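Chemist: Hints are included, so try docking the two chains, each in its own frame, into the full complex.
Each chain, written out:
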Amino acid sequence: MLAMVLLAPMLLWIVAFFILPTALMIWESFAERGLAPYAAILTSPIYRKVLLTTLKICLITTSGSLLLGYPVAYMLTTCRPALRKLLLVLVVLPYWLDLIVRSYSWMILLGRHGLINQLVVGLGFSEGALPLLYNLFSVCLGMVQILLPLTILTLFSAMLRIDLRLVDAAAIHGASRWRAFLTVFLPLSLPGIYAAGLLVFVSALGFYVTPALLGGPEQTMISQTIMVIASDLLDWPLASAAGALLLVVTTCLLLVYSRFFRLDRMLGGVAR
Amino acid sequence: MADNETDAALATLRRVLEETRHLDRRAFLRRLGQAAAGSALLGSFVGLIEARNADAAEQKPVTTLGWGGAWQAAMETAFFKPWTEKTGNAVRYIAPYDFNKVRAMDMAKQQQVDVIEAGSIDTPRLVRFGMNAPLDWKVIDRSALSPGQLKYANAIGAITLSTLMVYNKKKWPGEDHPNSWADFWDIQRYPGPRSLQRRCLTTLEAALMADGVPADPAKMYPLDVDRAFRKLDQIKPHIKTWWSSGTEPQQFMQDEEVDLCMAWNGRASDSINNHGAHYDIVWNQACYNGDVEAWFLLRNCPNPDGGMKLLDFVGRAEPQAAFARALYYGPTNLKAYDLIDEKLARQLPSYPANANVSLLVNYDWWVDHYDELTMRFETWIQS
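Protein chains in written order, with this note's numbering: chain A, 1 to 272; chain B, 273 to 655.
Think of the hints as simulated: they come from the structure by calculation, not from any bench. Hints are not guaranteed to be accurate.
Have a look at the derived ranges for each label pair, beta carbon to beta carbon [stated by the list, open to error]:
(1) LYS443(B) to LEU119(A): 19 to 27 Å
(2) ASP448(B) to LEU119(A): 31 to 39 Å
(3) THR43(A) to ARG461(B): 29 to 37 Å
(4) THR278(B) to ALA16(A): 45 to 53 Å
(5) LYS443(B) to LEU130(A): 15 to 23 Å
A quick note: this is a predicted structure, and the numbers were derived from the prediction, not measured. Glycine included, C-beta positions come from ideal geometry on N, C-alpha and C.
Just chain B, with the same shape it has in the complex (with noise of 0.2 Å):
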């Protein structure tokens, strides 16, 4: 008798092994639990498979990719130590952030990483190469968030940035400082060296709001591109540098390199919180990334569920306030602000007092024009 059952049994796994020879493991599981519902001895089996890969799923780490530096450091402090005390899982954190490196692993279907937290032009590019993975509303709860966090589907809104412009307070410490991006390029009224972002995004629309464009995403968009050359003309020759990596303008605050410079708002809040510069922030016409840097599970990742109950963590209000106090980047979550007091609340990107006056930019535009626009802005700043 016993014999008999287990040469069934054999037979059964032998019948299942074959069909399911193209399966993946989780759906050659399921698989072969439907085939061992009718056998004790498959079962036991299969029963032991599954709790060994329960145990797997709950120590195998959530796999993430960063930034470096003290925004690895404020990501640590406000998302994934908070999660891993609250569930026991474990995040592993990759720096540098490289998109390039993530969309290869894409390509050749040997995704590393499970969540990544992608901003400005990435976002939309990630939804049109398709790298994401569906989200699973039932295990994220979706009460939790902002409207604004669900802009794109499949994504949750992470932080809010804005690429502003700064100016010298000990140069201009009363009430005429300037105040627009008309102001930059206003070198008779304010003398003194600039720098801008080496980066046709959101350069060409501080060009155009310079020469008149309101910050007005349905008058702003489509860039007259050409328009905003002709006006960066203008400037060109009182750009005393360039900047491409976002510590450059906290250096030139913070050793009065420039007098009036485009910077990202964290930035530019951390040099003049902390140290010691002379600065302040106008965030009038601030070029606003609003709800375009979100939170992606990617597809054919080493670990969906542990990723995908990081993402029902991500988007909350606690560890969105908690990553505001450590860098100055907005919540997309607005009951966040229920968390901030006042003072820092006033020198975040989705402020409504900030947002109100900033240009929301349209990455949807950008994302169609950005690599010409990019060898274009290259070629006319080598000429």
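Only chain A is shown next, with the shape it has when bound in the complex (with noise of 0.2 Å):
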């Protein structure tokens, strides 16, 4: 009972502020012309790229979130006290920046005559400048520094409840280090990692600014799709069809998800 009515302030901001503006965008594909909207977004070539391209882009930004993250994430676990404030400091500091500050800043890295270029062709590495800018390359370069944070702190969390001295354990019985890891830490850090390979990705979806700021017109993501429909074509039916087909297309992920990856139990703590 208390705890409902705890949580009654937050359903009532779900339902409010998420659930209804949901429902109201669905009900407004559909209000206008009917199936037509859905229809043009299934048979037109463009929206099926768009989704694909915003799929890989996502695909990628998670698996780099992931194998940059997990080293960090393990040594906060592993490491002295001390040591882990000033790790978990700066891990949370570049949330405080700007996501468009951060995607000019890498503008500036990484640009024909930007700091990497200038250095590669200084020291003779290569005559030219490196296409390092507008490509695939730099948007999930971009995508992953600014999802590292919520990747690493994910890792971290569930880490945290592994109990270390099983690892110890394995040692005693002769494990070499890299063993005790791989055959024990790993396999219990699974949990935390497919918690931080989910959040990753859903938050990789409706990225804007860093693939129209980063990225070449083969790298368009649907926001930026939907965008154009709705604030220049003023076509509101259209783009909400193509923002419930993007719902659609991620509860599906999630469904398959939660079925191979058992949800519930991830979110909830280590499978004991």
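Modeler: Okay, here's the thing in structure tokens:
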């Protein structure tokens, strides 16, 4: 009973500001022209391409974030408390920087006369400037940087629940450090990896600024297309349909994911 | 006797209330005023309401909406602050500009914005949707305006903008520099990375001019769209990036990211004059927006009287000259050129020498084709 009372404000909030607007958006997609906007989206090659591009970028970004974030989270788990505090501050710090500012700083670093190209050309590693900007590389780089804190913190909170004495036990039984990590720590941290992967993937789906500023036309993501339809073409039913379809695709992915990876367990704690 | 008068007044009031249920506030007050003519008691009552209303109208700010940042600062310096000083009426500025929002409020008959400065495709759209209110020429002094400012009915010409080409002066310091869209397309003669705007509007015109169509609206429109896309195919591999926000070309110029770039003239001048970009502007074949950018009073808006008075001010020469000084976008009121020094005037799109070599973009053609061509352009650019 108390739980319900305490939950009520959040439920109200979600119903009023998330479920209701989403329902209105879906209603808007059908209200004017029926199924026609959906037909337009499903038959037009551009939406399929944009949706596939979006999924591709999200997959790369998620993998990159996990690969880079895992060692950091591992270090946070195993290091001394004083160092942990410092590292946590460093991890969270970039969160306070504006998204647009971070994207523009990548432009300064990666540009034709940017820091990296001046070094590469100046030191004679390359004849001309490397094409570092406005491609898949720069978009994924920018997105990984933005999503890393989320990855690390999710992984870290899952890893904290792992009993490190199990790793010691493996060592006592003669396992090398590397083997103890592979057979004991890594499997126990899997729920954290699944949770972080999911959160990063879903967050990445809605990215707009980073691909717009750091990418080329080939890296157009679905939110950019929805933006063009809604605010440039003023075609709200079509934009709503594109948004609703994204929701459907995301939900399907989530269902599949939760079937394979037991969503309830990985967000609820470590499987023991 | 006094009781009788009160009764009569109340009866009149009851009748008026009954009759005016469907009327809005202003019509109701007018009707009430007529009914009160015969009654001293009601008369003093109505007088009270009117006095309160007049006060409220004076204090109620005029709401407008526009682009934020440097644009907002320039708008406030040139138009709103001087007007507030003159009339005592405040202006509330909402940013960012969002035509969708204004249209949604119009459709819901809940317009919250009084005055809007619309541009590009939004001007003919706004007129087509009937979102603007009729202007009162007794409040707005027509004689202070240039003929071009009255191109659209119930609108007042605002500023001029050109979408044009800039080139890297370090790379081409001499006389032999890119000077036309054909040169922009000529990668043998003028090699180097390039950038165009990610938008069909004006990009298709640039492609057609590169293909030999003269900068003459009569020969340009209706656009030969297939020809334009064929020409764009040629340049596509050489476009390093397609920009979508006006700050991007500024960054490209200041970091020398590209050697040839399409840009809005005001942004280009800002980078060249104030941020040390070694680039120069090519006025030849600039895509000039002419008199399409305009001020409107929106229908069903909360403060039409205040908005009307503001519209009497914004089209005049003095504030337009002040805006040009702040942001390098030109006046539509040609009398403003008397107030602008020659050095600045030469950087403005409506300066005759610049306007004469530009292509006047036909937005009335575009408003019918924009949606379809945007989708085609987006499909093309991603393939």
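Chemist: Run every hint past the structure and note whether it holds.
Modeler: Hint-by-hint comparison with the structure:
1. LYS443(B) to LEU119(A): 19 to 27 Å: Cβ of LYS443(B) to Cβ of LEU119(A): about 23 Å, so the range 19 to 27 Å holds.
2. ASP448(B) to LEU119(A): 31 to 39 Å: holds (33 Å)
3. THR43(A) to ARG461(B): 29 to 37 Å: violated (43 Å)
4. THR278(B) to ALA16(A): 45 to 53 Å: The hint (45 to 53 Å, Cβ to Cβ) holds, given that THR278(B) and ALA16(A) are roughly 49 Å apart.
5. LYS443(B) to LEU130(A): 15 to 23 Å: holds (20 Å)
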